[in-house]
Amino acid sequence: MDKKRSSWRWAGIVVLGLCCIGGLAWAEHVDPKAAMVGKPDQITIRTLAAFQKLELPPVTYFHDKHTNALAKDNKGCDTCHLQEGDQLSFAFKRRKTTQPDEIQDLYHRNCIGCHNDYVAAGKKSGPQDGFCRSCHNAEAPLNVVRLDAGMDKVLHYRHLASKNIVGGSGEAENCRACHHVPDPATKKLVYAKGQEGSCRYCHQAEAQADLPSLQKASHEQCLNCHRTLTNRGLQAAMPLDCAACHGAEAQAQLAKKNQGLVAKLPGGEVPRLKRGQPNATLVRYEGKTNGGPEGQGASLPPVPFNHQAHENYTDSCRVCHHASMESCSTCHTRGGSDKGGFVTFEQAMHRRTAEGSCIGCHQAKQEQASCAGCHNSIVQARPADTKTCQLCHMPGAGAVASPQQKAALAESLLQSRRRGPDPFLTAKLPDKVVIKELSNKFQPVEMDHAKHLSALQNGMKDSKLANYFHSLPGTLCQACHHNSPAAAEPPACVACHAKTQGVAAASAAEISRPGLQAAYHGQCMSCHQDMGIKPVATACTECHQKKPQHAALSHQEKE
Amino acid sequence: MQRRTFLGLLGAAGMGAAVNKTAPAAGVKHFEGYPDSYGVLFDATRCIGCRSCEAGCNQINGLPQPDKPFDDLSVLEKKRRTNAKVFTVVNRYDRIPGVAGAVFRKDQCQHCLEPACASACFVAAFTKTPQGAVIWDESVCVGCRYCMIACPFEIPTYEYNEPLTPRVMKCHMCHPHITSGRATVPGCVGACPTEALVYGKRRDLLAVARQRFAAFPDRYVNHIYGEREMGGTNWLYISGVPFKEIGLREDLGVTPAPELTSGALAAVPIISAAWPVLLTGIYAINKRREKIATEEKKQAVAEALAKAKAQAKEELDKALAKAEAEKKSAVEREVKKALEEAAKAQAEAEAGKGQTEEGE
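Protein chains in written order, with our numbering: chain A, 1 to 559; chain B, 1 to 360.
Warning: the hint list may mix true and false statements.
[Said to hold, decoys possible] With a Cα cut of at most 27 Å, we get these calculated BS3-like pairs of lysine-lysine:
no. : chain 1 : residue 1 : chain 2 : residue 2
1   : A       : K534      : B       : K313
2   : A       : K264      : A       : K461
3   : A       : K451      : A       : K441
4   : A       : K93       : A       : K123
5   : B       : K68       : A       : K441
6   : A       : K546      : A       : K499
7   : A       : K53       : A       : K93
8   : A       : K534      : B       : K78
9   : A       : K546      : B       : K68
10  : B       : K68       : A       : K547
11  : B       : K328      : B       : K313
[Stated by the list, open to error] Chain A stretches covered by chain B per the calculated footprint, using a threshold of three residues with CB under 8 Å from any CB of chain B:
no. : stretch
12  : 498-504
13  : 520-530
[Said to hold, decoys possible] Going by beta-carbon spacing under 8 Å, a handful of chain A positions derived as facing chain B:
no. : residue
14  : N279
15  : Q380
16  : I511
17  : G515
18  : Q517
19  : T538
Derived from the structure by calculation, the hints contain no laboratory data. Positions of the beta carbon are idealized from the N, C-alpha and C atoms, including for glycine.
The following block holds chain B by itself, in its conformation from the complex (with noise of 0.2 Å):
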């Protein structure tokens, strides 16, 4: 096999063993929800966008002022979102095909049940409460702000304006109120003057809103929103139009946003603790052939040197050889004309004696 081939079918490998959602060190159980934990129940059939949640939210939290007071309904004229200062907002809908009358849907922190928001801190600053909330440590957070693009219902908000102490602001559904004993409802739901919030066992919730369909087969839309969205919140939404129409994502899936990534994450240790190992080991591999490679090339050199040599001095002693030949022809056919010349003068001669004879 070529080295090439080798690594390249390694590094693929690790790269299976990286998304395979599998993997047994992912550890990827089905959770729904801690027992008994609390949750809100919205129904925008009695919703009458009176913003009293929002007040009874900005008290409870002890929040700055907003500019425009509670009962200035003028601002449901915008939609709008939550802010550092401001934990939930009430959103109107208007303009719903088949509906004559507005639509009004509160918002805030959904509180899922996996969260996506605490799978994305890597400092672990969020926490899901058994209770139902989910909650953010400030003395751990360092502000990388993963939380606010992860979450896919943009809840988490940042205090920009705060240069030095900035937090990641939220509704925790009154958690520490809560647990402090200063509230037994959240303040939205303390504050609401029809019931269109209520709070309670999120089991007790879901079989409300189902006592509800069943009353009023003609008043809702079927589903309970949030019973398995993103594997589920503790904020339900029950509403006689559909829940996109109302501002709620209908293509988020009912898989819990930390399954979506928990695979790929569960690879890390493994990748971390076997390349060094796996480099190491290719570093190592890549200098002994180095080295040989070195050396094989000192000694080929060395060979073909050698041959060279040899088959310059073989060229040169048959060039020596073919001289000397030539030398030694060239003189004998020296010698052999000469002898001939001499020949031939000795025989012009002797005939010119003759003829001189003859004359005298």
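Excised from the complex, chain A in its bound form (with noise of 0.2 Å):
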């Protein structure tokens, strides 16, 4: 009796320990849910949240699966969102925000009572009345990429030129489809010609007192008019669902898609988008300064700006008036103000770390592999020097009165910015330079120099910013000569970098100026290793080609 009673207890053990290295396998096969990623249609549902502290887990909710499920009963969006005309309201089953228990309501009602109605017809359903977990379900929801599903300069100029869109017949009238301003006096949205702007001007991430949010705002002008376009049969690519719009996969399709519309175009450019704004004009400070009248105290000349093709170096007006279509110095004003953020008008045009300002993106684009060779060796806080600011703040752009003044200055100081070639890259230069320092162990390293400079001018050839800025003479030949000015013959490195390998430095500053062999390493290397250019840092004999009696030299052997 005994002995039977302790095989089944070793049995049980032996069970239980499979179970638990089964169960540890299993947990280790299986990803865990933070790593998988989400489909854009899942959505949480926490509206009472607005109202009250949630007494469940919000609602993770699938859109698709519900869209999927309906449509093959033949139902639509109306099943859930109601219709008045046309337009659908996108909150569940209400037009406007209620109570809250009337909106705990309306969701246990509507959701459950349809699951009920489809279990009664004896068809696969979700959660019913009591099963409150598997909707209120506190596990974290997967992890959601919804991107922004930004309208760029190309995809406005498809909605633009379209002659479907509804409200709007072809190019001179479709801008009233989307666009609109409350009118003062009726309340209501009317079109304003040459007020266009952007969404989030108005509409804000979450609902202001009347205004909408922006998600709000954008689900219902676009999703409407896409409905209403696919139910009149047009059904060609019309983003209807979550992934459609925010989705990375459907997104990187519509950027080919669209890089190869503009490519069919006239001159391979979007059409310019017409909304009053000037060619060109001066770039200065408009506004009141705060410690008098208008334009008082002396400023820098203004900056001729060439509007119309900025236009075309962003992908929307966004980028630089990114609060409003009004001039900078509304806000930025000279002093500083609350509206603007208490960043000035100077710090608005200069700030190096904005992505807005003019130096803030001018230094983005030298990030790129052409222009960092150079550019990541220059000490970025540097005092600036006069003739620098003067490539924008053109002296001789004086005080001018009316716009069309203003724009005719503009553009002939921008005509007059044509240079010639820089003198100190037509004259006589060397095609080699022989580098002796370090030939007691190598051969001397030959700097083929005429190609070192072809490939920087064939970096910034197409340009027309780095052909502008690079226009003073002798610009591209400081980025190797540098700290000393421009001079057709500059000074041999070594007149500056001693020959100070293993001497040790007596003071800081000393210590700051690299000696010779630094100072060819760490412009060679770094400009090589920015540019993606090989060969890598520690490949010696690329440059250094071997001595042929020390063809076995190494380290040990140096000295």
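Using the hints, put the two standalone chains together into the complex.
Here you go:
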């Protein structure tokens, strides 16, 4: 009897052990949820959180799952969304946000009711009454990547040029289908020609008093139009589901398609949007100064600015006009104001770390490989020098009265910018430079000076920006021949960088200035690395040929 | 007060003195390093991982040739540590978040301003020189290797394969070579082709590091590793990536190692002087108490015996008296009984005589 019991006990232990091992193996085999990326249609319903502390966790809802199930029964969006004419309301079963208990009742009655109907019809369905936690699931939902559905320049053009826009009738009239402003008299939304701006100027991330949130505004406008057109039978890629606008894959496809469309346009460019903006203007502070009347106090000459050209360099007006289409100085005053976040006019133009400032945007361009070789080694926090300032603040751009005069002066100044070729680069330059440092260990280095120069010139060949800002004589030379005035024959490196390898430096200043070997290596290696050009820094013999008699030279034989 | 309680309190007071950090005898002062001491600044944004520093170190110190030559960069595939034959190593750090390429870091003795190895060494074989280097004197070392355990950077190593004269081996910042005039900078610094290593006065190096931060704010993490870590070191690091990504511990704090132990160690003399007196006193007290206790016990036993004796005698007397009384009463009772019987017999005899007389 005892023996029998003992063998059962052992069997139990073995089974338990196997279960544990199996469980562990399974746990390891199944990816943890955190590693999974949810689809854009995963919606978290937490409407009541705006009113009160939630009793139960929010509901994770999969939109596509429901639309697909409904589509099988030929049911459409109006099953869940109220419809008025062509217009759907994208809140669930309601038009306006009401009381919390009404909303709760609305969801419970309709969700569970529909699930019950499906079950009664003998169909597969979702949770019913009493299964609270099946919907109010405390488990963290999947990590959803829902990209911003941006309307870039090309997509905007496609909408503008469309012949199908509801409420528009071709290019001249399409604007009014989307752009609106409230009419102060009637409080109704009307189209105002010449006042079009980004949706975000008014529609914020969160709903304001009378203004729906950006999400609600764009869903109602985009989706209702897309739906109407789809219902009319225009099926061609009219995005309706979440992933079509917010999914990474769909966005990549769209970008590719748009690229192809742009290539077919005349000039390979999206036609310019006309909203009364100038072709060129003079950028200067035009608001009131803090201390006195408008314009008082001297300032740098205004900057002639090619507005038309910059429209093409950016994806949308919003890149620079980030909060409104008004002039910069409306918010960014000379002394700084609350409205402009205390970013002064000067900072708005010059702040190095701001995407929307002139300098910030120009500097971001320097990060590409063809620029980084030189620009990464230029001291970031260097004082401004007059000559560089004058490249933008052109002397001779004085005060003008009318906008027409301003535009004319700006254009003439921009015209006068065309400069001749760099005199230093047209002079006789050495083809090869022989560097004999380290020639006790290696053969002298033959640096192909002409090749290096042409590489730099080729890198900036197609960039108007680079060409203009390198137009001061000798600018390109100074990438390597730095810290001394531009000259036809710049001083030799050794004039400043002593052969101090292995010699103790006496002061911080001496330590800061590299010795000759480190100066060469620092400049060559960092430039090659930043531009992604071979040889790599540790491939000594790619630059320094081995000495024939020292073919087997290694580090141990140094000195 | 109970003896046990008293001793308990005494012990607690002694321990309190031992762990008290502000014990005046500990003499902990804020030490900012020797003025004008030298150090090395390592800039991870300049290091190309060529191993020239390793070669320079090996050569100037006459260390054994490694298995793979110094221009063989395949050794960088594994993380290496210093050992008895290698005072410095360069390691490559790949897969740093947000960094495309690899970052390299040279490792060697950090030459702490207040070295943990020196504070752990009970024969004072380590010296922090005013020039900045931490050096080791083989003539006094007993080979306990406490220094190896104490070092937070895992730097001192030991010649395990030397059976007779094993030495503790570590970087000495070329102190012997620089003082003898053989070199003006450490071997590694002299061999660095990019000045990723620069040698100079520690305060100049701190200034140079800050100049670089100011000139290239986007390139560097704005922190000089070694300025304050473990109370400060003479070897300093600056980097474009977080220091933990290039194998430098970020959990060391800024307290110099000796400060962590000096409080407790300073109590050692007090304890070694005070405890013999204390223990002798306790011994004497114990002895005396024992003696008194023995005497008291003897007296108590004698008293108890006497008392018992007296009590026994009294009880005996009582018993005897009682026995006497009983005997007396028994005799009386017997006498009385006999008398009664005699009287009865006499009466019966008189009655019988009368009858006989009647019958006659």
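Hint by hint, here is what the structure shows:
Restraint check for A:K534 and B:K313: not satisfied, since their Cα atoms lie roughly 123 Å apart, outside the 27 Å limit. Taking the CA atoms of A:K264 and A:K461, the gap is about 25 Å. The hint holds against a cut of 27 Å. Between A:K451 and A:K441, the direct Cα distance comes to roughly 26 Å. Compliance with the 27 Å bound is thereby established for this hinted pair. Between A:K93 and A:K123, the direct Cα distance comes to roughly 23 Å. Compliance with the 27 Å bound is thereby established for this hinted pair.
For the hint linking B:K68 to A:K441, the alpha-carbon distance of about 21 Å falls within 27 Å, and the restraint holds. A hinted pair counts as satisfied when its Cα atoms are at most 27 Å apart, and A:K546 with A:K499 qualifies at roughly 22 Å. Restraint check for A:K53 and A:K93: the C-alpha separation of about 23 Å stays at or below 27 Å, so the hint holds. For the hint linking A:K534 to B:K78, the alpha-carbon distance of about 25 Å falls within 27 Å, and the restraint holds.
Taken as a hint, the A:K546 and B:K68 pair is honoured in the structure, with Cα atoms around 20 Å apart against an allowance of 27 Å. Restraint check for B:K68 and A:K547: satisfied, since their Cα atoms lie roughly 22 Å apart, inside the 27 Å limit. Between B:K328 and B:K313, the direct Cα distance comes to roughly 22 Å. Compliance with the 27 Å bound is thereby established for this hinted pair. Evaluation of the coverage hint for the stretch 498-504 of chain A: fulfilled, as 4 residues show C-beta separations to chain B shorter than 8 Å, against a requirement of three.
Three residues within the 8 Å Cβ limit are the bar, and the stretch 520-530 of chain A against chain B gives 4, so the coverage statement holds. The beta carbon of A:N279 comes no nearer than 35 Å to any beta carbon in chain B, farther than 8 Å, and the hint placing it at the interface is violated. For the restraint placing A:Q380 at the interface with chain B, the shortest Cβ-Cβ distance is roughly 5 Å, inside the 8 Å limit, so the hint holds. The beta carbon of A:I511 is positioned within 8 Å of a beta carbon in chain B (closest approach about 5 Å), and the interface hint is therefore held.
The restraint placing A:G515 at the interface with chain B holds, with a minimum CB-CB distance near 7 Å, inside the 8 Å limit. Proximity of A:Q517 to chain B holds as hinted, the smallest CB-CB distance being about 6 Å (cut-off 8 Å). With a least beta-carbon distance of about 5 Å to chain B, the hint placing A:T538 at the interface is held under the 8 Å criterion.
Violated hints, listed in ascending order, are 1, 14; each of the other numbered hints is respected by the structure.
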